[in-house]
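Enquirer: Protein chains in written order, with this note's numbering: chain A, 1 to 310; chain B, 1 to 310; chain C, 1 to 310.
Take these hints with a grain of salt, some might be off.
Any copy, or any two copies together, can satisfy a pair, since identical chains are not distinguished.
Stated by the list, open to error - The list that follows gives simulated cross-link-like pairs (lysine-lysine, BS3-like), each with its CA atoms no further than 25 Å apart:
1. Lys-298 with Lys-30
2. Lys-308 with Lys-277
3. Lys-277 with Lys-114
4. Lys-178 with Lys-211
5. Lys-30 with Lys-15
6. Lys-283 with Lys-2
7. Lys-88 with Lys-120
8. Lys-120 with Lys-178
If you are wondering where the hints come from, they were derived from the structure by calculation, not from laboratory data.
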Amino acid sequence: MKLSDICKHINKECKSDIEIKNLATLKEAKKDSLSFFHNSKYINDLKTTKAGAVILKEEDAPLLPKEAVAIISQNPYEDMAKVTSLFKYTPSEKTYNPTLKEGARVANSANFGKNVVIGKNSLIMAGCYIGDNVEIGDNTIIYPNVVIYHNCKIGNNCTIHSGTIIGSDGFGFAQTIKFYQIGNVVVEDNVEIGANCTIDRAALGSTTIKKGAKLDNLIQIGHNCEIGEYSIIVSQVGLSGSTILGKGVIMGGQSATAGHLKIGDRAIIAARGGVTKSLEGDKTYGGFPAVEIRLWRKMQAALMRLVKRK
Amino acid sequence: MKLSDICKHINKECKSDIEIKNLATLKEAKKDSLSFFHNSKYINDLKTTKAGAVILKEEDAPLLPKEAVAIISQNPYEDMAKVTSLFKYTPSEKTYNPTLKEGARVANSANFGKNVVIGKNSLIMAGCYIGDNVEIGDNTIIYPNVVIYHNCKIGNNCTIHSGTIIGSDGFGFAQTIKFYQIGNVVVEDNVEIGANCTIDRAALGSTTIKKGAKLDNLIQIGHNCEIGEYSIIVSQVGLSGSTILGKGVIMGGQSATAGHLKIGDRAIIAARGGVTKSLEGDKTYGGFPAVEIRLWRKMQAALMRLVKRK
Amino acid sequence: MKLSDICKHINKECKSDIEIKNLATLKEAKKDSLSFFHNSKYINDLKTTKAGAVILKEEDAPLLPKEAVAIISQNPYEDMAKVTSLFKYTPSEKTYNPTLKEGARVANSANFGKNVVIGKNSLIMAGCYIGDNVEIGDNTIIYPNVVIYHNCKIGNNCTIHSGTIIGSDGFGFAQTIKFYQIGNVVVEDNVEIGANCTIDRAALGSTTIKKGAKLDNLIQIGHNCEIGEYSIIVSQVGLSGSTILGKGVIMGGQSATAGHLKIGDRAIIAARGGVTKSLEGDKTYGGFPAVEIRLWRKMQAALMRLVKRK
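So here's chain A without its partners, still in its complex pose (with noise of 0.2 Å):
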């Protein structure tokens, strides 16, 4: 699409005319790729984008690479959300067979989109329904009834338990306006992940389940997360939008994270731990707001003594 024709859809004006063919994060964006910029966080991803365009504000633009168009908004989030419209996925009701490598076995009931391709030795069982474009890798099962969305991609070695469901839209809105979830999301090799967990694609880009890592039931990851090497999620854990853990990171049971933040490897964060900033790694924390463990439990104590002196 040319980048006139998607300025037209937000009235703005073009100073080029090049061809964009995707939207993306200012850190993945390509010279055919359309991004933009409205949370400081990103500064950096700013200065260093390759996107052939970005819409931001105009206080803003004086950071971007000189290469990369400005497009320049009042409301960059805003006119972004209006722009994924343009690229929205058109999902479907017919099915197709999928390709099935050597010793593939997939359940009658299931259903899958176009294009999918199933690995060597891999088990889709009854109810599962698999989105069009979706790769599944070699030596994975897929419990009953569960559903991968489009584009998605699952690596060797995984297993899914049922009712799980992958690549959902991440909760995205401007206002009123949907931002359309145009990535996907990606679990590598050696990935288990448990019944009931959604995880969301991710806004633009990809939501990362990295190999390894073990997640249990009824957890939400939500869109952009990354979740570490060998990282252990307990049971209903939430993690917001844009979290990202370091490896070997343990999540204890309903703890959650605030979004758009970081946490370093190998930090623990004790069951019911609610996370408001980043973390650094290799301590452990807990509480909400989370703070080390060890200060918790002085606050805990505090106030039980505090009851017990009047």
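Given the coordinates of chain A, assemble chains B and C onto it according to the supplied hints.
Expert: Relative to the frame of chain A, chains B and C by itself:
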């Protein structure tokens, strides 16, 4: 069913023998409805009800409009529970062809109860189950493996993501006696519901998701809740039965409410907030029990000082 | 399988060569069972086990009944995990016709593993998957899109709502080694389970939901839990592995427990309560860590005074 037959079922005598066609809340009852009164929060509904008959305690009988028949009970909730078994729905293994309006499309593997109507250009994807008498509006997309129980109504321009269950039984037991859930769920226009949510049908009347509301994933909406127009409910929120949200309410991730309370228009409940009583609109609340968020922050700060002082 | 072959798999020497037919908990083990001991909470089970052989640390071996073979290990949990891979279940894409007792009805789109038995007048609705060797009692209703994994048992007069997953793997990993979940789930008579719950199969033995228990929606029951008779579990509760609830326990919405603990008969855990140690029955608890609820309320009040005094 004759009121006398209903009364016989719960070992009561009847002064009248009107025809009862349905069970209803005091507010929604008509003259062919039987209702009950057991929670003083609904005393105004009692005084103005149009019900043909009401099960209630002897001391509350004087408040009942004189057109209505009073059925005196020491335990109205338990007796009404017993009555619900006379009106309970009988589920079935059978499936039928739905009525498809112009441009409606349904996957081969989707299953339908009796008398289902799918609106213009709407799409029902693989593995969905749409129960008896469900009506789905125009331009609505239902992603794979969604279940919508009998008698529910879904509006125009809605999106419902995979694994979400609409119209399952509310959690109602009078001790060990099941209160059969006779009501339904009504989802109005322009609503978006994420993956693996559960929206319970009303005990009597309707659980309502009003127009423009947006729900994220893994959310629990109890029976008889009302979600106000354009409200935003983030992931893993839990609303107990009969919670009434005003317009434009925002509930952060993992927040929750106790039952039978109201939250005013445009109130914001921060992530994890636990609401235990009705709250005024246009304010921000947090903590558990939820208070105005500035107060909650002061409480956290005071606790921190207490630890450091030591 | 010969004990010697099992020992070879984990690089141990065996003093005996008995036939091992199954893996079991210390309590449930018989003389053809192999068990293991790694958590001091189960020391009484160790002293009285009827297991044919037990993997345990050298210092614990003297406590083992002399009829049992001791297999000495520096890491019994990890070695047992390795053994579970020899007994793991092989899932399949194939489906079979179930045995239907008189009056049983199943939807055409429901799928069944081998040797499934559906009791009298029971109903299996559209899109369910019922795994190998599952037995379902009489007069039980399974709503659409429920999944019940292999070897689980469901009693009489039960109701299971849509999207619930019974018998998915418990969350068990010895570091990066999967502890295959060999056990099952047993749901006794008159149990009602809401929508989108996850009830994990036992690592060894059974996860048990006892008669008359009522579960709401989106509840997580970890492996080897035992839910006492007539207990009531409200929405979004999470029970960690090996939680034992007594009779008539009530757990409020979003409450939770740490693992390997007991809650006494008729205890009430208020909404959001987070139980971190075993609790006596006949009392009400709240807060996190959960304490008697009067104490928790005093703690909240003290904190409030602290803020106001300032």
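Enquirer: Run the structure past the numbered hints and jot down the numbers of the failing ones, going up.
Expert: 1, 3 and 6
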